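Chemist: Given chain R, work out where chain L should sit, using these hints.
2 protein chains.
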Amino acid sequence: MKILIVGASGRVGYQLAQALMVQGHQVVGTYSRHQPDLPTTVKLDLHQDVSEMRPAMAGIDAVYFVAGSRGKDLLQTDLNGAIKVMQAAEQSGVSRFIQLSSAYALQPDRWHEGYLKHLTDYNIAKRYADEWLMQRTNLDYTIVQPGVLTTEPATGEVSLDETTLGDNPIEDVVSLLVAVLTADRVHDRVIMMKQGHQPIATALKKLSA
Amino acid sequence: MKILIVGASGRVGYQLAQALMVQGHQVVGTYSRHQPDLPTTVKLDLHQDVSEMRPAMAGIDAVYFVAGSRGKDLLQTDLNGAIKVMQAAEQSGVSRFIQLSSAYALQPDRWHEGYLKHLTDYNIAKRYADEWLMQRTNLDYTIVQPGVLTTEPATGEVSLDETTLGDNPIEDVVSLLVAVLTADRVHDRVIMMKQGHQPIATALKKLSA
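From first to last, the protein sequence lines stand for chains R and L. Using the numbering used here, you'd call the opening residue of the first sequence number -7 and step up by one each time. Using the numbering used here, you'd call the opening residue of the second sequence number -7 and step up by one each time.
Where hints are given, some of them may not hold.
Where chains are identical, the list cannot tell them apart; a pair therefore holds if satisfied intra-copy or between any two copies.
Said to hold, decoys possible - In silico DMTMM-like pairs for lysine to aspartate or glutamate, Cα to Cα no more than 25 angstroms straight-line: (1) LYS(-6) x ASP65; (2) LYS198 x ASP41; (3) LYS35 x ASP101; (4) LYS64 x GLU123; (5) LYS(-6) x ASP132; (6) LYS109 x GLU44; (7) LYS197 x ASP113; (8) LYS109 x ASP65; (9) LYS109 x ASP41; (10) LYS35 x GLU82; (11) LYS64 x ASP122; (12) LYS109 x ASP29; (13) LYS64 x ASP113; (14) LYS35 x ASP113; (15) LYS197 x ASP122; (16) LYS64 x GLU149; (17) LYS109 x ASP37; (18) LYS198 x ASP65; (19) LYS109 x GLU154.
If you are wondering where the hints come from, they were derived from the structure by calculation, not from laboratory data. None of these values were measured; they are calculated from a predicted model.
Chain R on its own, in the form it takes in the complex (with noise of 0.2 angstroms):
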């Protein structure tokens, strides 16, 4: 598949984008002002009108948002920015949008909960685009709400539909990102996940229908 990153240049964007590349797919890499080291890259500035990110979209089968202004840009960049760009897909005829979420951000009765009560505004930027994802578009959705991002190596096992707030490998994170591209019982779904037990593989495929 051509799969178009939003984010390429960022910490899981990368990561992704590689691979991506291994399981043989076509990957394009959004970049504003550091440009990733990717074989192909296209500039997408997520202050751009949604009429000027539509030629990024041009051949696209899916769509990573992976991108994040670590706190620094939350209503231009993780809220507005990801509402954009979810428009241009729409707009060009690309249907399968992966967007990644954070742990409950859906769920504001547990912000006051560890260390997403230092994130709220984080919290209300991600709410509102999963939810403008969710019910404002009808884009083939998946949502993945990872706990706290870690550097750790990573175990490749996972706990999916947690209940409980907890770490996750980048690597990790990615390597589920990946699998839903191609998994079953992952559309128009919210997947959170922290670090556990079970193969990552096994994990989507235990997922209710």
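Modeler: For chain L alone, kept in the frame of chain R given last:
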């Protein structure tokens, strides 16, 4: 009617409370830190959970949301705070909801014009609050979108459904907010306003049915 004003200690909210009381309404003003000099007030912090906001809705016939953080807390106050108040109102059986928004909040293709280009973060917060009110609630809403608020003397005259930006003396915005409470053609409607040449009551009557 018994009216709840969220943001009653603000520059619009305080004048609105006075104007509604003159009309014979019973007004309850919310505050978080600075308690307004009104006969009846209730503490309502926009950082609270929806469930904590519900008690303020008891016996209320209509809610005005005129709170704003002046750019300091857009995600938690102007966006998520507004949406939580909508949810508390709906859950409490209050159906009428009047929201103070901002010119072109729902038209991002106009955000590069004039003074708006300095207010992108604000416009994003207002946009998604307005969108939620229109699309995700069953509230009987009116969204009022003035241009620049000024402290100029009231003119009593406006232009509605405008297609260019303009100024609005706060007193005129307050008069319009009061008028939409009992006007006919304002339900489930967004009203853009600026200073103009029609008396407010006339302008409201001339809105398309």
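Chemist: If a hint holds in the structure, say so; if it doesn't, say that too.
Modeler: Okay, the hints, checked on the actual structure:
1. LYS(-6) x ASP65: neither (29 angstroms within a copy, 40 angstroms between copies)
2. LYS198 x ASP41: For LYS198 and ASP41, neither the intra-copy (40 angstroms) nor the inter-copy (34 angstroms) Cα distance is at most 25 angstroms.
3. LYS35 x ASP101: between (38 angstroms within a copy, 21 angstroms between copies)
4. LYS64 x GLU123: The answer is both: 21 angstroms in one copy and 24 angstroms across copies each meet 25 angstroms.
5. LYS(-6) x ASP132: Answer is within; shortest intra-copy Cα gap is 16 angstroms, inter-copy 45 angstroms.
6. LYS109 x GLU44: between (36 angstroms within a copy, 17 angstroms between copies)
7. LYS197 x ASP113: Answer is neither; intra-copy 34 angstroms and inter-copy 41 angstroms both fail.
8. LYS109 x ASP65: both (19 angstroms within a copy, 16 angstroms between copies)
9. LYS109 x ASP41: Answer is between: at 13 angstroms across copies they meet the 25 angstroms cutoff, but 33 angstroms inside does not.
10. LYS35 x GLU82: This pair counts as within: shortest intra-copy Cα distance 19 angstroms, inter-copy 43 angstroms.
11. LYS64 x ASP122: Classified as both: same-chain Cα gap 19 angstroms, cross-chain 24 angstroms, threshold 25 angstroms.
12. LYS109 x ASP29: So LYS109 and ASP29 fail the 25 angstroms test inside a copy (36 angstroms) and across (33 angstroms) alike.
13. LYS64 x ASP113: both (10 angstroms within a copy, 12 angstroms between copies)
14. LYS35 x ASP113: between (27 angstroms within a copy, 22 angstroms between copies)
15. LYS197 x ASP122: Within. Shortest intra-copy distance 23 angstroms satisfies the 25 angstroms Cα cut-off; inter-copy 39 angstroms does not.
16. LYS64 x GLU149: neither (32 angstroms within a copy, 41 angstroms between copies)
17. LYS109 x ASP37: Classified as between; 17 angstroms across copies, 30 angstroms inside a copy.
18. LYS198 x ASP65: Neither: 37 angstroms inside a copy, 42 angstroms across copies.
19. LYS109 x GLU154: For LYS109 and GLU154, only the intra-copy Cα distance (18 angstroms) is at most 25 angstroms; the inter-copy one is 42 angstroms.
Violated hints for the displayed structure, listed by number in ascending order: 1, 2, 7, 12, 16, 18.
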